[in-house]
Amino acid sequence: MQKAKSIELEVAVVNGIELPGHWNRMFEPRVISEYDLSVLDQVTSIPGAESLGYCYQCGKCTAVCPVETVGDYSPRKIFRKTQLGVSLMDSPDLWLCTTCRNCLRVCPKEVNMIDIMPAVREQAVLEGKAPAELLTAFENTARYGNPLGEPPRKRTEWVKSAEVPVPVMSQVKAPVDVLWFVECYPSYHPRGKDASVALARLFNALGVEFGILGTEEKCSGDSQRMAGEKGLFEMLAEHNIKMLSKYQFNQIVVTDPHAFNAFLHEYPKYGGQWPVQHYTQFLAPLIDQMHLTRPLNKKVTFHDPCYLGRHNGEYEAPRDLLKAIPGLDLVEMGHCRETAYCCGGGGGGMWLDSFTRDYTSQRLSEKRVLEAVEYGADILAVTCPYEVSRFEDAVKSTGNGGRLEVKDIAELLAYSAELI
Amino acid sequence: MAGSDTVLIVGAGPGGIEAARGVADLGKRALLVETKGDIGGTPYEYYATLTPDLRETHEAMHEMVTAVKEHPLIDLRLNTRVVNSEGEIGHFKVTLQDESGSRTEEEVGAIVVATGFQHFDPGRETQMYGYYEYDDVLTLVDAEQMFKAGRIVRPSNGEVPERVAFIQCVGSRDRQIGNQWCSKVCCGIASKQSIEIKRMLPNAKVFIFYIDMRMYGFWEDMIYWKAQEEYKVNYIRGIVTEIIRKGDKLLIKGEDTTMGRPMEVLMDMVILSVGMEPSKGTLEMANIFNLPREEHGFIATKDGGPLDTVSTKVPGIFLAGAAAGPKDIEDTVSMGGAAAMKAVATLNRLALEVG
Numbered sequence: 001m002q003k004a005k006s007i008e009l010e011v012a013v014v015n016g017i018e019l020p021g022h023w024n025r026m027f028e029p030r031v032i033s034e035y036d037l038s039v040l041d042q043v044t045s046i047p048g049a050e051s052l053g054y055c056y057q058c059g060k061c062t063a064v065c066p067v068e069t070v071g072d073y074s075p076r077k078i079f080r081k082t083q084l085g086v087s088l089m090d091s092p093d094l095w096l097c098t099t100c101r102n103c104l105r106v107c108p109k110e111v112n113m114i115d116i117m118p119a120v121r122e123q124a125v126l127e128g129k130a131p132a133e134l135l136t137a138f139e140n141t142a143r144y145g146n147p148l149g150e151p152p153r154k155r156t157e158w159v160k161s162a163e164v165p166v167p168v169m170s171q172v173k174a175p176v177d178v179l180w181f182v183e184c185y186p187s188y189h190p191r192g193k194d195a196s197v198a199l200a201r202l203f204n205a206l207g208v209e210f211g212i213l214g215t216e217e218k219c220s221g222d223s224q225r226m227a228g229e230k231g232l233f234e235m236l237a238e239h240n241i242k243m244l245s246k247y248q249f250n251q252i253v254v255t256d257p258h259a260f261n262a263f264l265h266e267y268p269k270y271g272g273q274w275p276v277q278h279y280t281q282f283l284a285p286l287i288d289q290m291h292l293t294r295p296l297n298k299k300v301t302f303h304d305p306c307y308l309g310r311h312n313g314e315y316e317a318p319r320d321l322l323k324a325i326p327g328l329d330l331v332e333m334g335h336c337r338e339t340a341y342c343c344g345g346g347g348g349g350m351w352l353d354s355f356t357r358d359y360t361s362q363r364l365s366e367k368r369v370l371e372a373v374e375y376g377a378d379i380l381a382v383t384c385p386y387e388v389s390r391f392e393d394a395v396k397s398t399g400n401g402g403r404l405e406v407k408d409i410a411e412l413l414a415y416s417a418e419l420i
Numbered sequence: 001m002a003g004s005d006t007v008l009i010v011g012a013g014p015g016g017i018e019a020a021r022g023v024a025d026l027g028k029r030a031l032l033v034e035t036k037g038d039i040g041g042t043p044y045e046y047y048a049t050l051t052p053d054l055r056e057t058h059e060a061m062h063e064m065v066t067a068v069k070e071h072p073l074i075d076l077r078l079n080t081r082v083v084n085s086e087g088e089i090g091h092f093k094v095t096l097q098d099e100s101g102s103r104t105e106e107e108v109g110a111i112v113v114a115t116g117f118q119h120f121d122p123g124r125e126t127q128m129y130g131y132y133e134y135d136d137v138l139t140l141v142d143a144e145q146m147f148k149a150g151r152i153v154r155p156s157n158g159e160v161p162e163r164v165a166f167i168q169c170v171g172s173r174d175r176q177i178g179n180q181w182c183s184k185v186c187c188g189i190a191s192k193q194s195i196e197i198k199r200m201l202p203n204a205k206v207f208i209f210y211i212d213m214r215m216y217g218f219w220e221d222m223i224y225w226k227a228q229e230e231y232k233v234n235y236i237r238g239i240v241t242e243i244i245r246k247g248d249k250l251l252i253k254g255e256d257t258t259m260g261r262p263m264e265v266l267m268d269m270v271i272l273s274v275g276m277e278p279s280k281g282t283l284e285m286a287n288i289f290n291l292p293r294e295e296h297g298f299i300a301t302k303d304g305g306p307l308d309t310v311s312t313k314v315p316g317i318f319l320a321g322a323a324a325g326p327k328d329i330e331d332t333v334s335m336g337g338a339a340a341m342k343a344v345a346t347l348n349r350l351a352l353e354v355g
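Protein chains in written order, with this note's numbering: chain A, 1 to 420; chain B, 1 to 355.
Think of the hints as simulated: they come from the structure by calculation, not from any bench. All values reported here derive from a predicted model rather than from experimental measurement. Where hints are given, some of them may not hold.
Restraint ranges, calculated between C-beta atoms of paired labels, are given here [what the hints assert, rightly or not]:
(1) B:257 - A:337: 33 to 39 angstroms
(2) A:63 - B:247: 54 to 60 angstroms
(3) A:323 - B:230: 48 to 54 angstroms
(4) A:106 - B:352: 54 to 60 angstroms
(5) A:338 - B:245: 50 to 56 angstroms
(6) B:230 - A:128: 45 to 51 angstroms
(7) B:230 - A:338: 30 to 36 angstroms
Distance condition first, Cα-Cα at most 25 angstroms in a straight line; then the derived DSS-like pairs of lysine-lysine [unchecked claim]:
(8) B:198 - B:226
(9) B:198 - A:109
(10) A:60 - A:193
(11) B:232 - A:60
(12) B:342 - B:28
(13) B:184 - A:109
(14) A:154 - A:173
(15) A:109 - A:60
(16) B:226 - A:60
(17) A:109 - B:226
(18) A:173 - A:60
(19) B:232 - A:109
(20) B:342 - B:302
(21) B:148 - B:184
(22) B:280 - B:36
(23) B:313 - B:342
(24) A:173 - A:160
(25) B:198 - B:280
Not close to chain B: a few residues of chain A, all C-beta gaps over 10 angstroms, as computed [said to hold, decoys possible]:
(26) 46
(27) 57
(28) 105
(29) 132
(30) 161
(31) 170
(32) 177
(33) 190
(34) 239
(35) 250
(36) 270
(37) 315
(38) 323
(39) 378
(40) 396
Positions of the beta carbon are idealized from the N, C-alpha and C atoms, including for glycine.
With the rest of the complex left out, here is chain B (with noise of 0.2 angstroms):
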C-alpha cells in the first residue's frame, strides 16, 4: 500500500510555513496544524522587527503567510493541537482536537515538526537579575513591544529612558541552569534593538555587556559594527551579576573585563537578552511522535551530526527550526525547505516500491 499523499507539519511559525510551502509546491498535500489563532510564530507574534536586517516583521513576512492561506494544496487548520499519534512512516494515524475539544483523525505519509523554542524565563535566572521585582527590567520580548508600540519607556514612571543597558546570554551558556548552549541569535537582536532605541532615542546611551559576541555571517557588520560605528552603541566586555535598586534607577555590577576592574553603573533601563529553550510543543510533539530528545533537551536528528539537520531518529518524521536547537530564521526556513523536500521524497520513494 502507497500510503498517504499528504504531510502534517506541526506548527505554522517561520519553519513550518515554508515547509507546508515547500511540499505543496512539489505537489503534495500539505495539512498545516497550528495552535494559535495565527500563522507566523515567535517572530510574527512577538518581534516588531526582523534580526538582521530590521524590515517590519508582519510587512516582511506577508508573501510567505498569504502564499500559506491562499495555497490550493495546503491544508490549514489553526487553533488545532496534535494529541495523538500511532503507526508509521507512510501510514501515521494522528488525532487532532481543536479548541472546542472536537477530535478528528487524519492519515499522514510523513510529518514535519517545526514547534520551534520558547523564551528562558528569567524568573530561573541565578544571577538575581530581579526581572519580577523592578519594573524597568525586561526582556527582549518586552522591547519588542515597545517596539511595536513605537514608544520606549521606564515602565516605572513613564519617562523616557536615559541610559539602557543590555545583558547577554541570560538563561544561555549555564551549567548551573542547566542550559549549555549558545542562543545563537540573543547578541544580533541585541544588536539590533540597540538600533532601534537609538532611532527612536538617539540621545540615549545604549550599551551591551557581554561574554562573547557572537555575531556568525554578515550579522557582522550588518547590525553589530553598523550598531557600534554608526548608532555609537557601546560594547562592554563583562556580564553584569546582579541589580539593585538605587532611588528610582538601577545599579548594575559586574566586571569590566578589558579594563579589569568592577564596575558598579546606574541604568534607567535594563533588557536581558533571554535565550531559547525547547517550546512546550517541541517537548509535546516529542512525547506524541516518541521523538528522542538530543543532550540539551531539544528534539535529536537521527545521527546528532552536521550532514543532516532536518531527519529524526524516527522514519518519515522531519524537523525543520528550533524544535531542533537554537535556530535563527535563516537556518529555520533552509531547514523548511529540507524538510520539505526530504518528506515528499519519502512518499515518493513509498509509491515507487508499492510501483
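So that you can see chain A by itself, here it is in the shape it has in the complex (with noise of 0.2 angstroms):
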C-alpha cells in the first residue's frame, strides 16, 4: 500500500531555478491513499502530546499562528499531517514552533502545543533527529551553563561597565532583599550587557538592597526544556536551586520573561519555591521614587514577550514604566498584548536561526519589526533578552537602519533618570 508523503520537498529544482517552500506541493502525489493512523497514535501516546489528537480543524490556530505569516504552518496543519502519516518526529514542523502560545489561547479544544512541542521534541532529541544548531546550544549550555558558548567565569564582566556596586551574593555574606537573577544574554551579549547596565543603575539609585549569583549562575535552561532537552533542563533547575538555597532573600528579581516562566512554574517541581517578580513588575510601584526627569520626545512601541505576557498575564507593568517616561508617546501595534506577535526567539527558535530560514519566507523578528515601523514607532521597547538581538538584526535586514531603535525598557528608564 502506497503511504501518504509529506507534500513538502526541502529543496525542488525546476530548469535550475530553486523553488522555495509550497511551492514544492506539485511535486508531491497529491491523491492521499492513506491514513497511516500509526503516527498520530504514537505521538498522542507521549506523555504531554495527548491533545495533538484533539483537533478539529477549526483552524483558529491559523489565523494567529505567528509562523504561518512567514510560511505554511499551524497546529491544525500539524495535526492533520500527523493523521495522514507523516512523521511530525522527522518533519521540520516538530522545530518550528516558538512555543508563543498564540495559538492556546484561541484553541478550544484546548490543543496545546506548550505541552506537545517538548514532549515531542524530548523524544526526537532522545533518537538522535534535533537539528544540529540546536544541539550545539545545548551542548554549550550544558558544558559552560549558557547557550552561548561563553566561559562561566566570564559571567559577571559585564559588571564593571556598571561603574555601580553588583553584588555577588558569595561575597556579600548577609541576606540581600532582592536576588537578582540576571541571565545568560543580559551577561555576555553586547546589547543584552547595556540592559544589564541600566538595570544595576536603577537598582542602586533606588537604593534596592540586591545581590547576584555571578559565576554560580547558569541558565535557567526553559528553552531548552521547550526546544526538548529536558534532562538538561533538570540539571540546570537543580544547580541553580542549590546555589539560590545557600543565601537569604526576600525575592528573586528577573531579567528573562524565560527564567520568569521556569521559577513561576518549573521550579517549585524540583523545591526552588522563592517569590518572582519579572524587573518590570518590580519596578512599576517605584515609578515615583525614580525620578524620570530627562525627556524622550519618541514615539514607542512595545513588544509583548510571549513569556510575560501571553504566559503569564503581565501586560501592564511595562507599559506602566513606559507611560511614565516624560515626552514619550506610546503607539501599540496591531498585534500587541495578547495578541502579540513573537520575536521568533522562543522554544529554542533562538538557537535555530538557519534552521527556521529555510522553511520561512521571512524572520518572525523581521516581521514584526516591519509592523513596528508600519505604525509609526521610532523606538520599539523590549523586556525580553532575546529580543534586542533579534530585532536589531532584524532592523538592519529590512532595511530600516537609522530609521528604528530596539530598547530594553531598563535602557529607556535609566535614560530618563539620567543614569545612562
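Hints in hand, dock the two standalone chains.
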C-alpha cells in the first residue's frame, strides 16, 4: 500500500531554478492513498502530547500562528499531516514552533502546543533527530552553563562597565532583599549587557538591597526545556536551586521572561520555591522614586514578550513604566498584548535561526520590526533579552537602520533617570 | 355537545408513547394505535443503544413502554391502522382496521399524529455508494443490528473489520435527491456507533467522513469529543463520492478538504449515515386527516414557525416527533408532552364552551 508522503520537498529545482516552500507541493503525489494512523497514535501516546489528537480542524490557530505568516504552518496543519501519517518526529515542523502560546489562547479544544512541543521534541532529541545548531546550543549550555558558549568565569564581566556596586552573593555574606537572576544574554550579549548596566544603575539609584549569583548562576534552562532537552533543564534547575538555597533573600527578580516562567512554574517542582518578579513588575510600583526627569520625545511601541504576556499574564507593568517617561508617546501595534506576535526566539527558536530560515520566507523578528515601522514607531521597546539582538538584526535586514531603534525598557528608564 | 373525551394517538414510538402517557396522566382517555406488533417505534425496533447516552435501548425505554401498557386510561391497539377519518375537532370519527381486516369506528375529540420517519433508502443515492452491490456497505441501521447481536463482522467474509468508514449526509442535504434538509441525528449516531465499534474492536481504525459535523448542544462533548479524544476516532472533513471494489476491500474516493487533496483509501467496511424521510405512515395520515405538508414533505405545523411545534393546520390535530421533520428523541419526547397538553386543553375548552 502506498503511503501518504509529506507534501513539501526540502528542495525542488526546476530548470535550474530553486523553488521555495509551498510551491513544491505540485511535485508530490497529490492523492491521499492512506491514513497511517500509527503515526498519530505514536505521537499522542507521548505523555504531554495527547491533546494533538483533539484537533477538530476549526483553523483558529492558523489565523494567529506567527509562523504561518512566514510559512505554511499551524497546529491544525501539524495535526492533519500527522493524521495522514507524516512523521512529526522527522519533520521540520517539529522545530518551527516558538511556543508563543497564541494558538492555545484561541484553541476551543485546548490542543496544547506548550505541552506537545517539548514532549515530542524530547523524544526526537533522544532519537538524535534534533537540528545540529540546536544541539550546539544544548552542548554549550551543558558545558558552560550558557547557550552562547561563553566562559562561565566571564559571566560577571559586564559588572565592570556598570560603574555602580553589583554585589555578588558569595561575597556579600549577608541577607539581601532582592536576588537578581541576571541570565545568560544579559550577562554575555553586548546589547544584553547594556540593559544589565542600566538595570544595575536603576537598582542602585533606588537603593535596592540586591545581589547576584555571579559565576554561580547558570542558564535557567526554560527554553532548552521547551526545545526538548528536559534532562539538561533538570540539571540546570538543580544547580541553580542549590546555589540559591545557600543565600538569604526575600525575592527573586529576573531580567528574562523565560527565567520568570521557569521560576514560577517549573523550579517549584524541583524544590525551588521563591517569590519571583520580572524586573518590570518590581520597578512599576517604584516609578515615583525613579526621578524620570529627562524627556524622551519619541514614538515608542512595545513588543510584549510571549513568556511575560500570554504565558504569565503581565501586560501592564512594562506599559506603566514606559508611560512614566516624560515626552514618550506610546503607540500600540496592531498585534499587542494578548495578540502580540512572537520575535521568533522562544522554544529554541533563538538557536535555530539557519534551520528556520530554510523553511520560512522571513524571520519572525523581521515581520515584527516591519509592524513596528508600519505603526510609526521610532523606538521598539523590549523587555526580553532575546529580543534586542533579534530585532536589531531585523532592523538592519529589513533596511530600517537609522529609522527604528530597539531598546530595553531598562535602558529607556535609565536614560530618562539620567543614569546612562 | 361537548364531544368525545378521548384523544387518538397514531403511532407508538417515543413521541406517541409520551403523548398517550401525558393524555392519560391528565385524566383523559388515550386511544393509542400502532400498526406494528409492539410499541417503542424506530429506536426500540432498530437501535441497540440510544444517542447520546449509549444506554441500551430496551432498558432505557422500559419504564415508558411499561407505563403505557399498564395505564388504565390508555387503550392500546397493536397491529391496527387508521384507515379513515371524518368529522372535526371534538367529533372525529375514525375508522380503525386490525390485521384480520375487521374495522371499528371510534369517536375522538382530538388527535396526535406521531408516525415518525423512515430511513433514507441508499439505493436512491446519486453518488454510487453501491449499497445493494457491495456486502460490506451498510447503513446505520444494519450496524445497529450487529451491535444488538454483539458481533461486528464484514458481511462479505465474516471477518472482523480492521478499517471502518462512516459516510455522513447520505440522502440528506441534497437538492438532486430532493431532500434539502439535515437529518439532525446522523452525526451523533455515527459518533455513537464509532464509540461502540471501538469498544468492541479496540484495534479497529474508524473514520468519519463529513461535510460539517452537526452535534447539537451537549452531544458535542458527550459523543463527538468523546469519540475523538477517548476513542481516537478519526474525523476527516470531506465527503466520499464513490466506492469501488478493489480486491476484497472497498476503495473510497473523495476529497480531504482540509488538506485540499483528493483521497482514495481502502476500507473493510463502510457505514452509510442514512438520513430521515417522512415515513409511509406519516404520508398516509397526512392524506387521511387532510393535513397539509410543508415544502420538504413532512406534515406542516400551523404556522411553520418555531413557537408552536405541535399544532397542525387542522384544528384538534397535533404532531409529535419526526412526522413534523427530522427530530432527535429528546425533541420527539418533548413534543409528545406538548401535544398531549394541547390535545387535553382542546377537550377541556370544548367542554367549557358547552357548559
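Structure-based check of each hint:
Residue 257 of chain B and residue 337 of chain A have their C-beta atoms about 34 angstroms apart, which keeps the hinted 33 to 39 angstroms range intact. Hint check: residue 63 of chain A to residue 247 of chain B, Cβ distance near 43 angstroms, so the stated range 54 to 60 angstroms is violated. For residue 323 of chain A and residue 230 of chain B, the Cβ-Cβ distance of about 49 angstroms falls inside the hinted range of 48 to 54 angstroms, so the restraint holds. At about 59 angstroms, the CB distance of residue 106 of chain A to residue 352 of chain B agrees with the hint of 54 to 60 angstroms.
For residue 338 of chain A paired with residue 245 of chain B, a C-beta distance near 53 angstroms keeps the hint of 50 to 56 angstroms intact. Roughly 33 angstroms separates the CB atoms of residue 230 of chain B and residue 128 of chain A, a value that falls outside the hinted 45 to 51 angstroms. For residue 230 of chain B and residue 338 of chain A, the Cβ-Cβ distance of about 31 angstroms falls inside the hinted range of 30 to 36 angstroms, so the restraint holds. Distance hint between residue 198 of chain B and residue 226 of chain B is fulfilled; the C-alpha atoms sit about 12 angstroms from each other, no more than 25 angstroms.
Between residue 198 of chain B and residue 109 of chain A, the direct Cα distance comes to roughly 22 angstroms. Compliance with the 25 angstroms bound is thereby established for this hinted pair. Between the alpha carbons of residue 60 of chain A and residue 193 of chain A the distance comes to roughly 39 angstroms, so the proposed pair goes past 25 angstroms and is violated. Restraint check: the Cα-Cα separation between residue 232 of chain B and residue 60 of chain A comes to about 22 angstroms, which is no more than 25 angstroms; the hinted pair holds. Distance check on the hinted pair: residue 342 of chain B and residue 28 of chain B sit about 12 angstroms apart at the alpha-carbon level, within 25 angstroms; holds.
Restraint check: the Cα-Cα separation between residue 184 of chain B and residue 109 of chain A comes to about 23 angstroms, which is no more than 25 angstroms; the hinted pair holds. Of the pairs offered as hints, the one joining residue 154 of chain A and residue 173 of chain A holds, with about 22 angstroms between alpha carbons and a cut-off of 25 angstroms not exceeded. Restraint check for residue 109 of chain A and residue 60 of chain A: the C-alpha separation of about 11 angstroms stays at or below 25 angstroms, so the hint holds. As the CA atoms of residue 226 of chain B and residue 60 of chain A are separated by approximately 21 angstroms, the hinted pair is consistent with the 25 angstroms bound.
Between the alpha carbons of residue 109 of chain A and residue 226 of chain B the distance comes to roughly 12 angstroms, so the proposed pair stays at or under 25 angstroms and holds. For the given pair, residue 173 of chain A sits about 53 angstroms from residue 60 of chain A by alpha-carbon distance, which is inconsistent with the 25 angstroms threshold. With a CA separation close to 15 angstroms, the supplied pair residue 232 of chain B and residue 109 of chain A stays within the 25 angstroms bound. For the hint linking residue 342 of chain B to residue 302 of chain B, the alpha-carbon distance of about 13 angstroms falls within 25 angstroms, and the restraint holds.
Between the alpha carbons of residue 148 of chain B and residue 184 of chain B the distance comes to roughly 23 angstroms, so the proposed pair stays at or under 25 angstroms and holds. Distance check on the hinted pair: residue 280 of chain B and residue 36 of chain B sit about 13 angstroms apart at the alpha-carbon level, within 25 angstroms; holds. Distance hint between residue 313 of chain B and residue 342 of chain B is fulfilled; the C-alpha atoms sit about 14 angstroms from each other, no more than 25 angstroms. In summary, the hint linking residue 173 of chain A to residue 160 of chain A is supported, as the alpha carbons are separated by about 21 angstroms, within the 25 angstroms threshold.
Using a Cα cut-off of 25 angstroms, the hinted pair residue 198 of chain B and residue 280 of chain B is violated, with the two alpha carbons roughly 35 angstroms apart. No beta-carbon of chain B is positioned within 10 angstroms of the beta-carbon of residue 46 of chain A; the least distance is around 14 angstroms. Separation of residue 57 of chain A from chain B is inadequate, the least Cβ-Cβ distance of about 5 angstroms not exceeding the 10 angstroms criterion. The non-interface label for residue 105 of chain A is consistent with chain B: the shortest C-beta to C-beta separation is roughly 20 angstroms, beyond 10 angstroms.
With a least CB separation of 31 angstroms from chain B, residue 132 of chain A remains clear of the 10 angstroms interface cut-off, as annotated. Distance check on residue 161 of chain A: its Cβ is at least 55 angstroms (rounded) from any Cβ of chain B, clearing the 10 angstroms threshold; non-interface status holds. Even its closest Cβ contact with chain B, about 51 angstroms, leaves residue 170 of chain A beyond 10 angstroms, as expected for a residue assigned away from the interface. Distance check for residue 177 of chain A against chain B: the nearest CB is about 48 angstroms away, which clears 10 angstroms, and the non-interface claim stands.
The Cβ of residue 190 of chain A sits about 46 angstroms from the closest Cβ of chain B, beyond the 10 angstroms cut-off, so the non-interface label holds. Distance check on residue 239 of chain A: its Cβ is at least 39 angstroms (rounded) from any Cβ of chain B, clearing the 10 angstroms threshold; non-interface status holds. Its beta-carbon lying about 44 angstroms from the closest one in chain B, residue 250 of chain A satisfies the requirement of being farther than 10 angstroms from that chain. Distance to chain B confirms residue 270 of chain A as a non-interface residue, since its nearest Cβ pair spans about 31 angstroms, more than 10 angstroms.
Residue-level check passed: residue 315 of chain A sits 32 angstroms from the nearest beta carbon of chain B, beyond 10 angstroms. Listed as a non-interface residue, residue 323 of chain A keeps its Cβ farther than 10 angstroms from every Cβ of chain B; the least gap is roughly 44 angstroms. Residue 378 of chain A, annotated as away from the interface, keeps every beta carbon of chain B farther than 10 angstroms; the closest lies near 43 angstroms. Residue 396 of chain A, annotated as away from the interface, keeps every beta carbon of chain B farther than 10 angstroms; the closest lies near 38 angstroms.
Consistency note: the structure conflicts with the earlier hints numbered 2, 6, 10, 18, 25, 27.
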